[in-house]
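J.: Start from the sequences, fold in the hints, and give me the full structure.
If you want the building blocks of each chain, they are given just below.
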Amino acid sequence: GQQVMQIPQYQHVQEGEDFTTYCNSSTTLSNIQWYKQRPGGHPVFLIQLVKSGEVKKQKRLTFQFGEAKKNSSLHITATQTTDVGTYFCAPLLRGNKLVFGAGTILRVKS
Amino acid sequence: GAGVSQSPSNKVTEKGKDVELRCDPISGHTALYWYRQSLGQGLEFLIYFQGNSAPDKSGLPSDRFSAERTGGSVSTLTIQRTQQEDSAVYLCASSLDAGWETQYFGPGTRLLVL
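The listed protein sequences correspond, in order, to chains A and B.
Going by the numbering used here, the first residue of the first sequence is number 37, and it counts up by one from there.
Going by the numbering used here, the first residue of the second sequence is number 4, and it counts up by one from there.
It should be emphasised that the hints constitute simulated quantities derived from the structure, not laboratory data.
Some hints here could point you the wrong way.
As the list claims (entries may be wrong) - Taking lysine to any residue pairs in the SDA-like style, the calculated list, with each CA pair at most 20 angstroms apart, reads:
(1) A/LYS106 to B/LYS20
(2) B/LYS60 to A/ASN132
(3) B/LYS60 to A/GLN39
(4) A/LYS87 to A/GLU103
(5) A/LYS133 to B/LEU117
(6) A/LYS133 to B/LYS20
(7) B/LYS18 to B/THR105
(8) A/LYS92 to A/GLY77
(9) A/LYS145 to A/LEU128
(10) A/LYS106 to A/ASN132
(11) A/LYS87 to B/GLU104
(12) A/LYS72 to B/TYR107
(13) A/LYS133 to B/GLU47
(14) A/LYS145 to A/TYR46
(15) A/LYS133 to B/ALA57
(16) A/LYS133 to B/GLN87
(17) B/LYS20 to B/SER10
(18) A/LYS133 to A/ASP54
(19) A/LYS133 to B/THR105
(20) B/LYS18 to B/LYS60
(21) A/LYS72 to B/SER41
(22) B/LYS60 to B/ASP100
(23) B/LYS18 to B/GLN87
(24) A/LYS72 to A/LYS145
Unchecked claim - So, partial list: chain B residues that the calculated Cβ filter (under 7 angstroms) puts toward chain A:
(25) GLY102
(26) THR105
(27) PHE108
(28) GLY111
Ideal Cβ positions, reconstructed from N, Cα and C, are used throughout, including at glycine.
T.: Structure below.
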């Protein structure tokens, strides 16, 4: 069946370093969403990507959708302690359902 | 307006007891989702509703789990004869429609089965 792989599972960075999480699918995706969950909180929508090769920015966050629409990435420039949390990708898969990846846990050392 | 609300926020129960978890979605949202999240883990899809119908129940772990939605609004997730492995945070989300619409999550119910 369709599967989504999100890597890495965990990353611990020094404040000010960059961070990237990747979401990979074996099949072409129609669109993909990204969510952030702060420790002890609930997932909150960040962005949706629809077009092949699309790039969207939110301040220090850059989201990309691959040309073949089989992968996506979230890049954070110069991490801050407020970036701590778990980042989930959620592609729309067959069955018209968002399927959440396993998430990447980000920890930031100050 | 109000977001998604869930009750109770915390529930401690004894193994073998039944529990009911409630979700109040955002008004006007036709789709409602239930997920389970164990400590430090990802989101495990359980079931979703479109209106009062559940087109996809594929994530329910066993027949001890059931859910219903009435009036296209409130949903209840029931776990019968709880087991210790049922301990987790149960998250509810709603969206305007099913599919690609943004999901808005509630704060979750933290369930502990002793």
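J.: Take a quick look at whether A/LYS133 and A/ASP54 sit within 20 angstroms of each other, Cα to Cα.
T.: violated (31 angstroms)
J.: Against the 20 angstroms threshold, does the CA-CA distance of B/LYS18 and B/GLN87 hold or violate the hint?
T.: Status holds; Cα separation ~6 angstroms.
J.: Would you check the hint for A/LYS133 and B/THR105, treating anything up to 20 angstroms between C-alpha atoms as holding?
T.: holds (11 angstroms)
J.: Is the shortest C-beta separation between B/PHE108 and chain A less than 7 angstroms?
T.: With Cβ-Cβ at 4 angstroms, under 7 angstroms, it holds.
J.: What's the verdict on A/LYS92 and A/GLY77, does the C-alpha distance respect the 20 angstroms limit or exceed it?
T.: violated (25 angstroms)
J.: Could you grab the alpha-carbon distance between B/LYS60 and A/GLN39 and see if it respects the 20 angstroms cut-off?
T.: holds (18 angstroms)
J.: Below or equal to 20 angstroms on CA atoms is what counts here, so check A/LYS145 against A/TYR46.
T.: Holds: A/LYS145 and A/TYR46 sit about 14 angstroms apart, inside 20 angstroms.
J.: Keeping to a limit of 20 angstroms between CA atoms, is the pair of A/LYS106 and B/LYS20 held or broken?
T.: Violated. A/LYS106 to B/LYS20 sits at ~44 angstroms, over the 20 angstroms cutoff.
J.: Is the interface hint satisfied for B/THR105? The criterion is a beta-carbon contact with chain A at less than 7 angstroms.
T.: holds (5 angstroms)
J.: Does the alpha-carbon distance linking A/LYS87 and A/GLU103 stay inside the 20 angstroms limit?
T.: holds (8 angstroms)
J.: Is A/LYS72 close enough to B/SER41, meaning Cα to Cα at most 20 angstroms?
T.: holds (17 angstroms)
J.: Does the alpha-carbon distance linking A/LYS133 and B/GLN87 stay inside the 20 angstroms limit?
T.: At roughly 29 angstroms apart (the allowed maximum being 20 angstroms), B/GLN87 and A/LYS133 break the hint.
Consistency note: the structure conflicts with the earlier hints numbered 1, 5, 6, 7, 8, 9, 16, 18 and 20.
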